[in-house]
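Listed below, chain by chain, are the residues.
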Amino acid sequence: MNRLNQLPTLRIDPAVNHSLTYRGRTYQGVAGDTVATALFANGVRIFGRSLKYHRPRGLYSLDGECSNTCMEVDGIPNVRAENTLLENGMTVKEQNVKGSAERDWLGFMDKLDWMMPAGFYYKIMHKPAAIWPMAMKQIRKAAGLGIISADHKMKGRYDEQFLKAEVTVIGGGAAGMAAALAAAQSGRRVILLESRPHLGGCFDYRVSTTSDGTPLHERARQLAEKVKQTTNIRLFEHTSMVGAYNNNLITAFQVGKADDGFTECYIEIRSDSVVVATGCIERPLLFDNNERPGVMQVGCAHRLARTYGLLPGNAAVFSVGHNPGLEAAVDLFDLGLKINCVADIREDGQDPALLLALTERKIPVLKGWVATKAHGSKMVQKATLCTIDGMVKRQFSCDLLVASAGLTPVSGPFILAQAIMGYDDHTGYFLPDQLPEKMFPAGRITGINDPDAIETSGRLAGLEAASAAGADLWTKVAETRNALAAMPGPERGCKLVIAPVKGRKSFICFDEDATVKSVKQAIDQGFDVPELVKRFAGVGLGPGQGGIPGHNLPLFVAKYTASKETPKPTTVRPPLVPAFIATYAGYNHHMFKRTPIHHSQKADGGIFRNIGVWQRARYFTADVDCKEEILNVRNNVGMLDASTLGKFRIHGPDALKALQRVYVSDMGKAGKDRIKYSAMCNDDGCVIDDGVVVKRGENDYYFTTSTGRAGQTAEWIRYHTRYDNWDFHLVNLTDAMGVINLSGPNARKVLTKVVDIDLSNEAFPFSGYREFYIQDTIFTRALRLGFVGELSYELHVPSSYMQAVWDLLTEAGKAFGIRNFGVEAQNVLRMEKGHIILGQESEQRTNLLDVGLGFLWDRSKTVARTVGAVALRQAANDTGRLTLVGIRMEDDARPARDGSLIVDNKVRGYVATMRRSFTSGEAVGMALVESQLAGAGTRLEIFEDECNGVRIYARVVPMPFYDPEGERMKS
Amino acid sequence: MALTLTCPICGKRNGYEFRFGGEDKGPRPPEEGLTPGAWCDYVHMNNCTAGVQKEWWFHRDGCGSWFTTWRDTTRNLEAEPPEANK
Ligand SMILES: [Zn+2]
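Those protein sequences? They're chains A and B, same order as listed. Each residue of the first sequence is one higher than the last, beginning at 1 in this note's numbering. Each residue of the second sequence is one higher than the last, beginning at 972 in this note's numbering.
Same shape as in the complex, but just chain A (with noise of 0.2 Å):
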C-alpha cells in the first residue's frame, strides 16, 4: 500500500523497513509503525475472530482499547497489536480461529448466538453435572483468545523503579505537556508520563489550528521539545499508567525502547501531587454490526492517515456526533478519501466553519442522522443511515464507516483514586464529584475542546499541582483561572445511547460479545444495575478492561430501565491497561545466599538445593540414600558445612532478662565453659525454634537458632521485649561466623593436629564450649555437640577463614579417612539418635510438649514473663495432642515417605521423617501421632500418596534407634 509520505504529521520513518512474518509470508512495514499499522498496510483487514461467536474483527479505536487486534507476537498471546511497536523479525500470529482469521470454519458460531442467552454459561452448563466437564472441553476450544503455552519461556528483562517527584503528570498532550512545563517553572520535580510513543495527544495529527494560526501537530510539536529541553521534566514515553493509590501513588509500565536495556518497566512513583490530563477516547456508537472490520473510530481512521500514512479505506461514510468527526472528514478528504455522507447525530450545534468545509467540498451532510447498520459479511461494503427516530433510511456503499457516537474521559485515575464519580449533564460525561486530595484534571477530561483552553487548563492544573507541592504560586493560578475563564468552556456532549435497532447484532462490548440484546436479557432477569449486568452479561470484563463499554452500558442501563436516578459508572481497578506478569514479577528471583566455602563443596561433587535463603550442600554423591556418607561419619569422620546456623550476640545489662523472656529454659544457669541447649516458643506454646546459648563473660552471651530462624530473630526478641525498655544490644553474627561440624570417632584426631589445646575428654567434655586459636592465627569458637550422634566439634570461625580452616582440617583428615557429608547425611544420622529439626518433626500447631522437649521448660519462672509459658501451662492438661513417637515399619525393606498419613477411618498422625539405617538394617523414623495411639508396641497404619488402597504398617518402638545411651557422642 502507498503511504502518504509527505505529511508533517507522520510518525513513521518510510526510510527504514521493518519485515514481520504473517500466515508463513514476510510482510514489510516501517520503523513507528505498530504491529497492527504494518499489518493494515498490507492489506490485512480482519486481524482474528470475537471470543463467542468468531466474528470477523479488525482495527477500531487504534490504542487498544479492545481485544480486537490482540495477537500472538513472538508466542506471547493476547499482545495488543495495536499498541505495540513493530521489531524487525517479528512473528505474528491470528488468535481464536480455526482455519485462518478470513476464513474461520467456526464462523458459523454467530448465528448460534440465540443459543447463547446473556447468562447460559450458569444457567444450563451445570445439569447434569456429568456433562459439564465435556462441554467445558469443547467450549474452550472454540470460545477464547490467545492460548498460552505451558512452557513459555518469556523473553526479555523486566526492571522496575521507584521514583519520587513533586508533580506527576498522566497525559502527554498539550494540556499534561503544558501543566508540566507549569509545574516546572517552579523548580519542582516532575514526571510526566505518556502511554503512546510519542507525545501530542489528540494535537499531534490534527491540522486544524490554534488561535494564533498554529498547526496543533506543529504546537504539539512545540511543546515536546519544551519539556524536553527542561530539565526537571522527567519524560516516560511509551508508558502506561495502570494504578492510582491514596498518598498520589502512581503506578505504570514503561515499554522500553531498542537501546534501554529492559523490555518493561514497572514504574512506581511517589510524588505530592498529580495533574490527571488523560484526555478522551470515544464512546463507541451502538447499531448493527457495529464492529465489522471497516467500521472504526474517528480517531484510528484519522490518525492512521496523518500518523501512519495509510488511507483507511477508498470510499468513507461518517456517522459520527461531535465536531471532531466532521473535522477528521474534512481532512481526510483532503488526503484523498471519498466521502459518500456524512450523518451528525446532532441536529445542530455543528461548529459552523466546520459545515462550510464539508459543504465546500460537496460532502452531502445529514444532520440528526446515524447508521443503524453495517452491511457486508466480513468488510463493510455497505452502510444504511436512518434518523435517529428511526422514520426514514438511506443506504450507501462504502468500505469503511467511520462511526463515533461521541466523547468519553478517561476518567480510570480519578476512579482508582476512589473518586465518586457522578454524571455531568452538559457533557455527558462520568466525573467526580469532589477530586481526590492534590489531584488536579486538565485537558478534554473536563470537557473543553477548544485548543487555547486545552493548554491553558493544563497551565492552570500545572501551577495549581506545583502549588499544592509547595510552591507559592497562587497569584499566577488565579490570573491563569481567570484567562480560562474567558476560553470557550465544556463542550455539550452527544446523548444518544443507541441508534433506532433492536440490537440482536450491536456490540456493547467487544472482548466478551455482549450485544444490546444480551444487555436487555440480563435487565429482564432482574440484573438492573451496572455493576451486575457488567458480570452477569460479560460487560468490560475482558483485556479492554471497560474501553469498549465503560460509558455505554451505565447510560444504556439506565435508559432501559427508564431509571429516574444519574447513571453511575462500574468500578475500574488496577492494572487499568494490560501488563504482563513478567513485568509486575520483575527480575533477579534467583538470588540466594552461598556459604564462604560454597566453591570447596561444588569442587567436591556438592549437589546443592536452595534451603530457604540459603543454597546448601545436599549430597557429595549421585546416591541420594547417601550410604557411604553416613557410614563415613559413624566410622571414620565427616566434615559438615553448617554457616547457614542463625548466630547472635546478645550483651548488655539486661542481656540476660531478654534470655529469659524468650527462651523456655532458666537462662541463668547458662555457664561460662558449658553450651546450654533451650528452645524458643511463640505465645500460643508452639515451638520455634532451638539452639544452644553460651555465656562468655559478663552480660555478655552467643547463641545459635536454626537457620531458618536467623532472618527473625531480632526482631523476634526486640518484639517481646518492646515495652521494657531494657539496655541490651543483639547483633547478628550470622553471615560474619561461618561454622564447620567435625563429627565421627576421628574427629578428635583431626582436630588435635591443628590446634594446641588439650582436647581429651576430660579437659573438653561433652556439652562443653571452649575458645582457642587454629594454627595460632584463627580465633575459633568451639562447641562439643551431639546432633549426629557421634564425638563432634562445631567451630564458628571469622567467614574469611573459613575456607582456610576447611583446607586445614581436609589435610589433616586424610590420614582418617575424612569426608564431606551434606544434609541429607545429617538428616539421617540425627533420625537414628532422635533429635528433632523444628520444621520437620513438627509444624504451626506443635508445641514445645508434643515434640518431648517439655524438660527444658523451667515453670518457675514466672516472672521472666516467658513467651508461651501461659499456653504451655494450659497445654500441659490437654489431651486431645499429637505426640512424637519413634516407629519402626514391619517390613524393614520398605521405609514409609515423610509426610505419608497415619490413619484408621481418619487421619491420625503423619510420618515425620523415615529412613532405612546402614547401621541396624532397619526401616525407623519419628511421627507425630494421637496421644492414644503413642503407647509402645501400637501398630499403625500408614497411607501414602498414590498407594491405591494398599496400606503398609509400623509399630511404635522406643527411641533413640542409635548408641541409647549416648555414650559415642559423649566420648
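Worth flagging that the hints you see were computed from the coordinates, not collected in a lab. A hint or two may mislead.
[Claimed, not checked] Short, incomplete list of chain B residues facing chain A, as computed with Cβ under 8 Å: (1) Ala973; (2) Thr975; (3) Asp1032; (4) Gly1033; (5) Leu1048.
A virtual CB, placed ideally from N, CA and C, is assigned to each residue, including glycine.
Once you've looked at the hints, dock chain B with the ligand against the given chain A.
This is chain B with the ligand only, laid out in the frame that chain A set:
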C-alpha cells in the same frame, strides 16, 4: 503500597520497609493470677478500629527498631493521633 511510615530513627520511609506488629495493647500481663481467657484476649483479640489507631511497626529493612505510630485504617495512611491522645 501507598503507605509511608515515619520511623523515629530513619524518618519517613516507604511502607514496604516495615513489618506490622499489631495494635498497641500494652505490656504483657503478669503471669501470676492470669486466667486463660484474659491471656487469650491479650494475645488474640483486637479492637480493629475503623479509624485512627495506635500500632506497632518494625523497621525491618532499616534500623531494626520497633516503634509505635498512628494509622488511619480506613485510608491506610499514617495519621495524627486523635486529640484525646496528644
Ligand atoms: Zn528506622
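Cross-check of the supplied hints:
Among the interface hints, the one on Ala973 (chain B) holds; its C-beta lies about 4 Å from the nearest C-beta in chain A, closer than the 8 Å criterion. For Thr975 (chain B), the interface hint holds, the least distance from its beta-carbon to any beta-carbon of chain A being 7 Å, beneath 8 Å. For Asp1032 (chain B), the interface hint is violated, the least distance from its beta-carbon to any beta-carbon of chain A being 11 Å, above 8 Å. The beta carbon of Gly1033 (chain B) is not positioned within 8 Å of any beta carbon in chain A (closest approach about 12 Å), and the interface hint is therefore violated.
Nearest Cβ of chain A to the Cβ of Leu1048 (chain B): about 6 Å, under the 8 Å cut. The hint holds.
Violated hints, in rising order: 3 and 4; the structure is consistent with all others.
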